[in-house]
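Peer 1: Taken in sequence, the protein lines are chains U and P.
Just so we're aligned, residue 1 is where the first sequence starts under UniProt numbering, counting upward by one.
Just so we're aligned, residue 1 is where the second sequence starts under UniProt numbering, counting upward by one.
The set of hints was computed from the structure by calculation and includes no laboratory data.
Don't take each hint at face value.
[As the list claims (entries may be wrong)] To give a feel for the contact side, a few chain P residues facing chain U, derived at Cβ under 7 Å:
| hint | residue |
| --- | --- |
| 1 | 3 |
| 2 | 7 |
| 3 | 365 |
| 4 | 367 |
| 5 | 370 |
| 6 | 371 |
| 7 | 373 |
| 8 | 377 |
| 9 | 378 |
| 10 | 380 |
| 11 | 383 |
| 12 | 384 |
| 13 | 602 |
| 14 | 606 |
| 15 | 637 |
| 16 | 638 |
Ideal placement from N, C-alpha and C gives every residue a C-beta, glycine not left out.
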Amino acid sequence: MAALYEGYTLCGLVPCQTLPNSGIQGVEAERDSDHVVVTDSTRCVTLYKVSDQKPLGSWTVKQGQTLTCSTVYNSQNREYVAVSDTKVIRIWKEEDILLDKAFRATVSSNIWRVHSLPGWEPVFLFQKGAVRMLDSLLSAPQQPIEEVLAPEEAIWWSTNLVAESQQFVIFTTEQKGDHFLYLQRLNPNTLQRYRLEREEPGLSPLSFSASYRDKHIYLLYLYKNGHVYQSAVSVRNLGVDEGAPALPLPRSLLLSLPVGEGPLKAAFALVLDEAHVAVVGVPHPSAGAGKDFLCIWNTNFQTLQAGKEMAGKIYGQLWTYSNKLFVPHGKTLSVIPYECPKSCLASALGKLRQAKTDASVPSWNNILHGEKAQPSRAVETRKTRTSRKSQSAPNLTIDQVLELIETAPMQEVQKEVEGFLSRADIKDLQPSVGYLASSLVSRSVADPNFYTPSILVQLVHTQSLSCVLTFMPDIDAEKVSLEPDGVSFMETLFARERGQAGSQNGCSSKTKENRSDALGGGSAISKAEEEDKEKTSTLLEQSCPVGLHKAVLLNEVLMTACSDTFLLPHLKDLSSQHVVLFLEYLQFLYLKYSQDASPQMPGVRSPSLTQVMDWVCLLLDAHFTVLVMTPEAKGLLLNLHSFVKSQVRLVSELGKIEGSLQELSNMKRKEEVGEYSIEIIELL
Amino acid sequence: MGEFKVHRVRFFKYMPPAIRALTYNRRTERLALARADGALEIFNFADNYFQEKVIPGHDDWAIEALCWVDQRLFSAGFNGKIIEYDLENLRPKYIVEAYGGPIWTISSNSQETLLTVGCEDGTVKMFEILEEGIQFKRNFDRQKGRIISLSWHPSGTLIAAGMMDMIRIFDAKTGHATNRLLVERGVRESKSTEVVVWSIIFLSDHTIISGDSAGKVQVWDGLTGTLVKAHLVTKWDVLVLSVSKDESSLVAGTSEGTVIQFQFISTVGQQDKEWVRTRTFKNHSHDVRALAHTETAVVSGGMDTQLVVRPLLDKVEKNTQESALRKIVFPHRSLVHCARKAGLLLFQFPDHLEVWRVGESDGHGKPGDSLPVKRKPEKLFHLKRKGDDHIYSSALSPCGGWLAYSVVSDVRLYRLEYTNIRITKVSRLTKELCSASQLCFSSDSSKLFASSSHSSVVIFTLSQLKCKYFYTLKPSSGSGQPVHLLCASEDGKWLAAATTDCAIHVYNLHKLKLHCTVPVHRSCPTAIAIHPTTSNLVAVYADQQIFEYSLVQKEYTEWSRKLQKQGLHSLWLERDTPVTHISFSPKNPAHIFLHDMFMICIIDQSLPLPEAKAMFYNQMTLRSLPEPERIRHHHGFKICKNFKHLMCVSLLEDHSLVVVERPLLDIMSQLPAPVRQKKFAT
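For reference, chain P alone in the conformation it holds in the complex (with noise of 0.2 Å):
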């Protein structure tokens, strides 16, 4: 099938925030996670945990707690405001001062009419939701110390207030204290450090449960004040705690990395039910600073940046896919981009762009070789982004001499010149155009293609030094959800733009309207990709399904339905990392490039699928067979997994592939030390 000479990069120092808040809305099986650079993401867990959305963040706004409030998406932050969020166009809805110094913890009330935030200053203040936004409504009694913690009594009247030592349960109605609920200082510690009610949970049979900075998890009587068990869980913080909707069950999370889980059920031989400690899960290197708990799993995220989904074995069946534990630690997006003409790389992060030549070698060498560097990679330019907008998306043209990138109030596009590396700012974009989710660039690099607002694409014409505004291509009808992939065809004809309800819209850019829709596949396209000579649209899907979409005679294709109709292998099925990009092989127009996080795979479409008995070995392991044996593993389906911690696989026009790696080591090393545990013998 051929030698590839991989370019194996190693050197895009991408670093994932930390996590800082997760709240999952059971309705729409959404979870929210806000990051420490404020940050937000959506994961739709009903379409396999995809990153549906991103946000991206701002210098300013450290958020600290998230609420859902039917679809609507509440933030609050150190920064002493909070912000609803626009789910259609990635950005802050509106912004609202709360006057209380650094807000701790927002919490809504299970009817969802009402917003309270705990402040710094030791309020506790009331907002009224509105359909257009929220109202300040009351301040409650104010107190000594900051509040800490909130939550919501499910009948609305009360709430239970976690601060300094002591949990102070309000009245919703008054906004009086009605009750004080004293919390231990820790044994280890002296006295005088002051304990810390990191969170709270109120039942509906009147339960507090708090977990504090002494390492405990106690149990309160809420309608008498008094303490009912106290499990001491660790030496250090629980920082979290997180109940099922039928309040049988409860996780709380330490600065250990545990994730203790309690249970509601009664011991033998007693009829009361009580919570009893029942399972300790150890996912997490550093603190648990966040939790969720869905119907059938446990989540979890803090400071080393992995979202863990932990199915509760209890709650799903087992040995399924449904069963495994998921550490989502990239993003479902692409962070690097390729200029497959002059061999650049463009790294993406929050407050910077990096553009790196990638080496050279004159060497050949047998497979499995390191050949020498003639030249080593070198960084050509180091772009910081102007204001406090993180950037959200960014793009390099083929030809390397273009670079657009966006923030949620500004694109920019620059021009980049490097006989004499120079960069020039070429004339703003914002008047047509003022935020844009995806950039794209045509393969002549003579447009530009910026998705914004109601999943409509911006074309600009490119020359010299010039970008002029060209066409808005619209869907017919739009469903206003952002454009999340954006893929234009080789020979400058197509353009295929996905949006995070599941559509693919494929524009004519010669007649400049909409040819097609791609049929909508229940679950969202994670990459697309328009084959240069036959013009099919290749997507594959969260679930992993793979489909091959001839654009010219507007329905799947043979092998598409061939696909569909044997059905995906169950190997490939059970991945849990999306496919985040597909290329095309300019040799052999039957092959397909394709890679998660943990392999490559290519797809030969003029090989036989493989059949269901049929393995996926890893390329090398397939080197070492004899050669009758290996015949028999032979099929469509490739897979080669010597490289790991996938950010991005590209073809260059030379036809070398480019590997962009991140060591999950490295990314490990570059975190704070986790908090001193005792190990055996230490």
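So that you can see chain U by itself, here it is in the shape it has in the complex (with noise of 0.2 Å):
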């Protein structure tokens, strides 16, 4: 889960009357992660260290001098290179003092920004849209610089980033209320043009970012209607043939943001990773119409990660490094450390939805079936596309297969679904996997007739799924076991999950021996676990609550790496027998390991302890009102929290012993002196 930390002020601004910004014009990346180049709206750049919060150096340039883009740091000569009043280029290093008596050029023609990235050579782009490494304009700075863009044409953002190692400057532009899309490659120079869709009438942009992965260029723009969306360029394809006409741009719709009382003004969208984007000046879905908050969305699953208010008058403006956000508000400029871990289930998932929908996940239908579907409508959809099917094609596109799994008989979707995957390219697949699978699953959870394991194996042996359980709780014990082929299956999936790694330290081999043992019917779970059993037995006359089956299936369920966010909400559904069931399983669990010494014996796969604890904290985080109430969980409970005690009071009592175990371990480190350091020592 994406988190916002506690924030610290890195300057004051001093924002001018006149102008809606906020007194900053950049802030650019020096030479660590922990030092930035503010350059406010006039005459001054400042360097400050981040972590101390104080300015290391500051120039300024002379009154009626004014910088007129944002400052940046050549990390190859170690140099600061400015543009003041749109022609001048400056050039200075941190141990120059005075700006007026550093290097400057005067170059033909009005520039627009400079751009810099670590390691790279520093680019000049002008305003007519013609671009210039900074050693190629030095060499000539008169030298005539061309025409790019049209006459009323004019750039309203830009950026640069490093794909496939080649640099790309990315600048957008406005003419007659159209805008436009810019890609210009780098040695070799090309520029592509593309068109933007355009929104209604007489909404414009408000913001701009760009990332590249996937040898993709994303760029992602926010309206002042709220809506973010998305548009993928391929990197690998950019066509050389200048002066072509500009392309159309495809988007999809990323997130509809709230809006609150009339469009946005300042706000601003900057993509953080694959699923989260930060967004300032948008109000909180919870928190009333005020516009004044910065916000983690996680694209994949439309959800509001973190929110943090921000006093004062929010600018749209909005940088990020190393984890940092840089948020010019009120009068001051903050530094908010950020925090973006990646959800398993959304980097398995892609972007993909489940069919049910979740209260704390708001419309999933919409990502699922198009913009503003409602059931009933993708009822209709489906109805049409039914029919154009069965005029037409006979191979099924993925939506068609779909919404077979949701109707048709089970053979028919076995089939459909094989011809499917037998046809498509794995590559493609990927994404379509999760659909099939999650569609199945929910199909065969509700209807209890449906069960096509066969697909499920062939699905999960594309290997593009992961996390599968996460997505299927209602599958344990209860239905795939019973059968024989249900256990083969499901451990085909544990398998998968536990990676190469699970198999090559012989666990698989071990895990066959359960099944076999499982499924010949024998009346023990492994030897080891007998064992394990007969002591716990004879110890705290407990045994094992669950059957052998189960016991097998709980076990892998519980050695599987999940979430707790998301599987809270399911792990609700279990009811109360259930929960109670499984509780005292896990206690079972945890009293054998706590009394026993060395219980993870080499090739026997079992839970760890931790795996165990977290479980049954996430069940009684779950049901703790409902197990409360039930009058069969109570000495459950009781027993677990006198355990719980017990061991509490030994962790408190080796908490007590640890500050002189850590003096020890101090006490041998000062004794590494090699043969050569430079210290410093205070004489007092």
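The task is to assemble the complex, starting from two chains supplied on their own in separate frames and drawing on the hints.
Peer 2: What follows is the structure, encoded as structure tokens:
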């Protein structure tokens, strides 16, 4: 789950009263993740050490001159490059004190921005769309600069990034209400022009943000109506033909942000990673209409992951460097550290969705069935599509297959899905597999007669699924384990899930053994477990509360990596009897581990103590109120309570001696002195 | 007070050679010590065990035994030669060939007229001691097997000789063997292994005490030739014995590193006195090869290279400084020279010199931090000496461009170039100077000062690739003692030279004459330096006293008088290693940097002196105290104990500190494995 941490102030702002902007032109990364260069909107450039919140250096141009774009740091020469009065390039080093004495060069055309990336030469983008590298520009400052853009066309926004070890300058322009995207590749230079689709008339984009991943450049743009679109441009297939008409740029609606009262005025959407977008200047969905919020949205699930109110006016500016967001608001420039851990579900499913809508996940259906789809509408489209299918194509598309799964009889589903899988190229299949699996699972959950293990196995074998368990919470020991096939299927799933590592260290063979025991209807789980069980039963007069098949499967469930956030809502679906049974089993495991010094025998796969504890906590979290009211759970809870209490006491005693132990390790560390070191001593 | 960047250097691989022989002169209270490389050291036990003189070794000298005759010092070794030393010029006076093969032992009679040596070929050779040398007198009866140890009877008529498997007693007049005492072979070893009588002592009551390789200390009746008592003290060898002057106490050193004391006392219920084993000292990890029994202490040394002075608690007052155990590990003179301006270090080894450049770091850090090393230190020159004589003294000019070193017979000067590493030898200086106990460059590297015989100092001028003799400075009344410290002032006007007879002569280099002599203190100076701005001479003595002497006014400064009036703090006086370097801070003229083996001290002359009750806190401890309490502990002596086993502490011109450490553990790890001992449960 992404999170915003406690922020701190980097510097104060002196906003111009007349201008809507914050008084900051730009924040650029400096030599490392802890240094930034802040250019204010008039004359001053300041170098900050972020963690210390203190300026290390400041440079000012003369009265009457202005800096017209954000100053960048050229990491190759450790120089700063700035542009004043749109035509004068200034270059200086950190030790230079006076900017007026620093190097300067005047060019013949107006500069829009200078861009720099660590390890790359800075690039100048001229207001008329031409691009020059720093060195080539300095070699002949007065060289003629061509005009790329049409006379009325003006640059709105620009950035640069490195893709496929080539540097790209990306900028968007506006011409008579139309917006264009330019992709300028450097060395060799190619320029590609795209036309952005029009939003409602009169609405122009508020902000742009570009990112590169998976050989595509993604452009993210936010409109005043709160829509965030994303367009992808492949880096590979960049056309070389100059002068060709602008290609239309397909877009997809990524987020539909709440706008509150009236359109957005100053807002900014910034890509953090493939699943997260930071947005500033958009209201918090649960906090009224005020727009002074900084939020992180998950685009895959359209969920708000973290939000923070920013005091004062929001200027619609946002920068990010090394997991820190820089937000000017009110009279300060704040630094807010954030974190966007990858959710395994999200990465597994792409932006896949589940059949069920969930309260915590708004507008599932939106993403699943197109923009405004309501269930009724979906039926409609299905009808039309089915009819189309019957007319022409024998080869079904993924959508059609999905519809089939929802309604058709089992045999037909099996046939069609198998057909689809054999047809499709594995690479293209990746997103569809998730769809298929989730649809199949939801159908089989809903319909007791519907069960297609062979297809599921086939899906699993495509190796495109992971973390399958998280979206099939209802299939634990209930249904699948009743049949021998089920066990093998589940096992395939788990083996996949475990990945190569699991099978390499010989675990899978043990699982097979387990399974053969299980299938043979043997009386014991596995030898090791049996022994353990005997021990515990003699000690605690407690036996394994669940049957053998279930125990094997539950163990596998416990060992599977999972995320609390997504598991918790599904756990709530379990009935209280099931919960009590599950808890009893977990308690059985817990006690077994607590008594046995080395429960993790080599070669025996069994859940670790932490996994067991996590599940106990999860179950209790999900069902605490119910369990408290259930009379048969009382003894169990009391047992757990007393046992945990004794463990807590043990840990607290250990905690008391922790200090002394730490002191011991501290003492040892001192002795490590090499043959030479440079140290600082202070004499008082 | 300020932060210092400290170059903590541990790559000086100084390795002291093992101690082979010790002999103590009760009259002068000097201890002579011989090391495995043939070097000789003289310690003044009357002056805080200060290492007064060092005579460098020689490849061919393996000194096995030492002997004082009055104030003359003789040595003998496996090269078969007897050497008498010139203790004023720190060189052998003459060398006499004994023609008996390797010599194992040397001993003189108590009348100090005759000298005997025990040789490999089984002869005991007697020499007559004359004023100007020694003269061969006669061979004793030749024996089968080598003579390992010798001891004269105090009357001067009999000599006991320890051999293989036996002890012989000779008549000193006739040279005939009069008695033969067979020593029993070891129980552990097979009967075929000979037993070696490593050490023997002939007492005035005709008792002979022997220590042998079977681990026994045996007491014999020398008149009847019978064994009185055998003490098995070790499973290994008893290597050395030493007896007190009154013959009431005897110590034996073993291969296990223990020193065992025997006392001649009467036990309960018996009238007669006998030799009883009383105490065991374990201060060594390896063989104890040499022992000396002084009036109050047992001095021991051996393979582990440390000289240990262990006071006998029945002879000294308890809980005084005298009763403390002392270990002397590092030489009391400097083996490291620092070129302040160039950031270079010169390391002096017996057989070569190394020039290193310290590393660099551009980082900043908090006190206590280690900075990332941007440039590692590098060894620029490795200069091997010529000839067999070991290097005696060396110096590197402050600019790093000149390097000089001296051996007993020669002084050599080199020009160093760093751009393309090159070393050029400059013409010999032998014509004016054959040996220099101390070398020193002027701060502008234009002059070389070399101390010569009779406390004189020879000046050479240096230019480009030439070195010219310039002048010889002589003290008005030279005692002839060697100069052991030499120091030129920053402004080039003064030169101070300290001699081992405790005098410090200051010369005016502009007028080329003796300016003054600092009032002689009872102790020997261990470090001297001239302040760059005030021209005050700061001298620290072996008894830990500090004096500041104004060269301009020719009197002690106000601060020095105040210090003497108040007296130095007891914690300062109780330290047992001498201050070996003094340097000054260019930033703050009130700061004096001193160091001994265990700490760095910065004396701030602008602060009040410590009161008697004040403590000397380590700076790190002080840092952890809250501010008000810290101020209470504020005084002029600031101690930093972050660094230990210091060989040199010097301030570079960029105000960073170079600290050369040689951890004792590193030295220990270089030693050969000690004899195996059974420890509990091994």
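Peer 1: Compare the structure with each hint and give your call.
Peer 2: Now for the hints, and whether the structure bears them out:
| no. | hint | result |
| --- | --- | --- |
| 1 | 3 | holds, 5 Å |
| 2 | 7 | holds, 6 Å |
| 3 | 365 | holds, 5 Å |
| 4 | 367 | holds, 4 Å |
| 5 | 370 | holds, 5 Å |
| 6 | 371 | holds, 5 Å |
| 7 | 373 | holds, 6 Å |
| 8 | 377 | holds, 5 Å |
| 9 | 378 | violated, 10 Å |
| 10 | 380 | violated, 15 Å |
| 11 | 383 | violated, 21 Å |
| 12 | 384 | violated, 22 Å |
| 13 | 602 | holds, 6 Å |
| 14 | 606 | violated, 13 Å |
| 15 | 637 | violated, 11 Å |
| 16 | 638 | holds, 5 Å |
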